[in-house]
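Novice: Those protein sequences? They're chains A, B and C, same order as listed.
Be aware that the first sequence starts at 6, since it is given in my numbering, and climbs by one per residue.
Be aware that the second sequence starts at 767, since it is given in my numbering, and climbs by one per residue.
Be aware that the third sequence starts at 4, since it is given in my numbering, and climbs by one per residue.
It is possible that part of the hints are untrue.
[To be verified] Sample of chain A residues at the chain C side, in silico, Cβ under 10 Å: (1) VAL36; (2) PHE40; (3) LEU81; (4) LEU149; (5) SER150; (6) ILE282; (7) VAL305; (8) THR321; (9) GLN324; (10) SER326; (11) ILE329.
Derived by calculation from the structure, the hints in this document are not laboratory data.
From a predicted model like this one, the values you see are computed outputs, not experimental measurements.
All C-beta atoms in this analysis are idealised placements derived from N, C-alpha and C, irrespective of residue type, glycine included.
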Amino acid sequence: MLYREVGQYKTSYGADQALFPILQDRIGITVILLFAFVGVPLTASSFTLDSVLIPVLVLSLAATGLNLLTGFTGLLSLGTGGFMGVGAFACYKLTTFFPNVNIIVLILCSGFFAAAVGTVFGLPSLRIKGFYLAVATLAAQFFLSWCFIRIPWLYNYNVSASIEVPTKTLLGIPVTGPTASPVTRYLIVLSIVALLTLVAANLVRGRIGRTWMAVRDMDLAAQLIGIRLYQTKLLAFAVSSFYCGVAGAMMVFLWLGNAESESFNINQSFLILFMVIIGGLGSLLGSFLGAALIWGLPIVLRAAPAFFGLRIQSATAEQASFVIVGALIIFFLIVEPHGLARLWQIGKQKLRVWPFPY
Amino acid sequence: MGRSVGGPILEVEGISLSFGGVVALQAVSLDVREHEIRAIIGPNGAGKSSLLNVINGFYHPQKGSVSFKGRKRRRVDPHEVAQQGIARTFQNIALFRGMTALDNLMTGRTLKMKSNFLHQAVYWGAARREELEHRAKVEEIIDFLEIQHIRRTPVGQLPYGLQKRVELGRALAAEPDLLLLDEPMAGMNIEEKQDMCRFVLDVNDQFGTTIVLIEHDMSVVMDLSDRVAVLDYGRKIADGTPDEVRHHRAVIDAYLGVAH
Amino acid sequence: MTHLLYGIFIDPFVQMGAAPDLLVQTLWEGLVSGVLYALIALGFVLIFKASGVFNFAQGIMVVFSALTLVGLNEHGVPAYLALALTIAVMLVLAFAVERVILRPLVNQPDIILFMATFGLTYFLIGLGELIFGGDPKVMISDQLQLPSGSYRIPIFGGYLQMQKIDVAATIIASLMVAALAVLFNRTRIGRALRAVADSHKAALSVGISLEQIWVIVWFAAGIVALATGIMWGARSNVSFALEIIALKALPVLILGGFTSIPGAIIGGIIIGVGEKIGEFYWGPLLGSGIESWFAYVIALVFLLFRPQGLFGERIIERL
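The shape of chain A in the complex, shown without the other chains (with noise of 0.2 Å):
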């Protein structure tokens, strides 16, 4: 009863186009944000924020990117992580050779660098499809994370092949660093992510993201409108990867602090790909809330013992939540292969009708 639409009528396809139609969702959404932008900086603690928010949003940054690219798109991509590592290692020369320009600009800068290289990695996708186009991906994986080692010039020749984020200030306020809070990293990073989901919005409801999912869907038909395919498949290879840049960047310089070459491994894009599969492909909502599921998982683990009394080593809560996961995959795959969004769609069905069954 809570979530009926009657009498809202639209009266224009502007208002029928609108990213909330329904006004319930539009009190919720801001709510969301006011909540996000407002209240977790008053409310939240350190230890939140650090290990929970800030962690979840960038990597839904990621897995928005990955999303585009293959949810919408349908190119299955092993890449995400090197792609990340290309945004961050990009940044932190960016820092070097720029010391005066303001870090937001760079993190963002350093998105297009990640994007040039995705771009790059996509040509093939003109002649390979499906599987084999995954196989050119874990290529650029395994290429760009040796290159993350085996280039010093990356890491500014640091002895243990590791980048420090230097302190940068935004209107004097430490931003990046050890002096930077947690409150200030989280609000730059919500920032970043609110905007450029918008901008992902924009792009999937319009021309754009019609012509990615047509050329998911049946790529002959699609040619056959005049859709250009490569050209097509390249704009999400770039689109893509720039997202995954950022997401990396900012992880680096808003979230971790520091990297390693092993930041950035095979085994980063993997926990990004099951945030898009668990979270719903096709679906930016998903992104989220897979990042933050699978992002949430071993936390939750860790802490439940210990809430009931028991002990659990962390290494042990580590394992139990790498089973717990593939189970989780393979449960959603079966259940609802469109995953939580599908999921969270058919709760607002069902809150439409409620308190009737149907």
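Based on the hints, put chains B and C in the right spot on chain A.
Specialist: Okay, now just chains B and C, sitting in the frame of chain A:
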């Protein structure tokens, strides 16, 4: 039969097409006049869909050429064909299953949308205006095909007859000069067929679209078409008005399976 | 610049000629690792050929089976009994996979099944670590009476050194391939397997039990995985790093096609040899460790010219 027929808009000359050792088409020539409804019929495996695929640019013939609106070409890419103004429906429905009916139709208008990436990213402004403009045009087609109630339904969930209608809508959305329909009535019951016939006639009548139609149902073919071409074993064996073709010896033989 | 060009196009061949015994040694090493890649790829091909599923978990099955064997032995089970028990475990695993994953997903598109095997992979990784711990283990080669030591064959003025275990691996792999090829092409079960790969519905309609076929095929893949695990483990340790090595099977499959048993072997050998030669002669030019990505680049270049691989079937799209 509706509008007055003009000069040839599509000319297929001497098309020969084979796959490995299998000959699909042999020296097939025919022409299609502007504003007419042209049927291509023949037993199964005669090469009718292959001919459409050649016109579309999916298959490249070993010999022969296709001229559309006076421009001759042997090899062409499918998206160029779309740009020239040819649209098509498929025998096994080729809708974008992950999208709604409305989105499928809107995708049909892709060629006409010009706003660039930046506009799309921002949405408010140029992209939104264009989106609404094309939405209005698409809604006209939705009204025309009476599919308002299924706009927002993912096409994978629609019954077969409605899917065929949505596919027709997607083809119409491109405002084509030439419309290729590959067995549009296949698998339909009497009512659905009557509706589809009505739509085909209306499209030809109201929009002036030239239509080439592959169809098995003889009564439909005889009623709708201005001229009919008959294919058998990859060769054209008859060409003319429905009456002429109906009484043609070779056509009767082909359908009855007489050895020839 | 000329230095670079010389280094790429001339120098490696000069080196090959200068020390032919080293070249032969490198070729042999490449052949051995190629055979082992091929074995992993064989497991993929078995399952793909018979059920259309790309079993991403094949790599972890290699690790898991080896871990089970070693783990049982560590707890006092004699070697050959442990081997028998491990085989039984792989059978149970095959049943479990069929029941829990394959049956519920029988009509879903291939990509969903592929992702389900991702889930299986992580599940087995976690389970393996929980039960056996994450430390690398030593394969029980002695207890299994696998050959040790090496042959030294003088050639070209130097020596070719071949580990006996490598020779054994090559022989065993060849026997397995021959046996599987016979199974697929000459037996009734093989025909049923091929039928299932072609079309589930059609196979059902002629009375083939999908469940039985799947269990058989996953069990066979499990045995292949176990053999692979033993061989790999005997040469280096049994650890979860093997999982990543299993990803190398993908380039092998690309070269050899996803459904061809001989293709898996030839593809494996090409990748193994190509990788070793590349690492040894061109590696120093680029910095070491190019083995981590060289195989994928080989596969990629191949794909650009022949998208269906060496032996794969041409995909003809019908409209």
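Novice: Work down the list of hints and note, for each, if the structure agrees.
Specialist: Cross-check of the supplied hints:
| no. | hint | in the structure |
| --- | --- | --- |
| 1 | VAL36 | violated (34 Å) |
| 2 | PHE40 | violated (33 Å) |
| 3 | LEU81 | holds (8 Å) |
| 4 | LEU149 | holds (9 Å) |
| 5 | SER150 | holds (7 Å) |
| 6 | ILE282 | holds (5 Å) |
| 7 | VAL305 | violated (16 Å) |
| 8 | THR321 | holds (7 Å) |
| 9 | GLN324 | holds (4 Å) |
| 10 | SER326 | holds (7 Å) |
| 11 | ILE329 | holds (8 Å) |
Of the numbered hints stated above, those contradicted by the structure are hints 1, 2 and 7, listed in ascending order.
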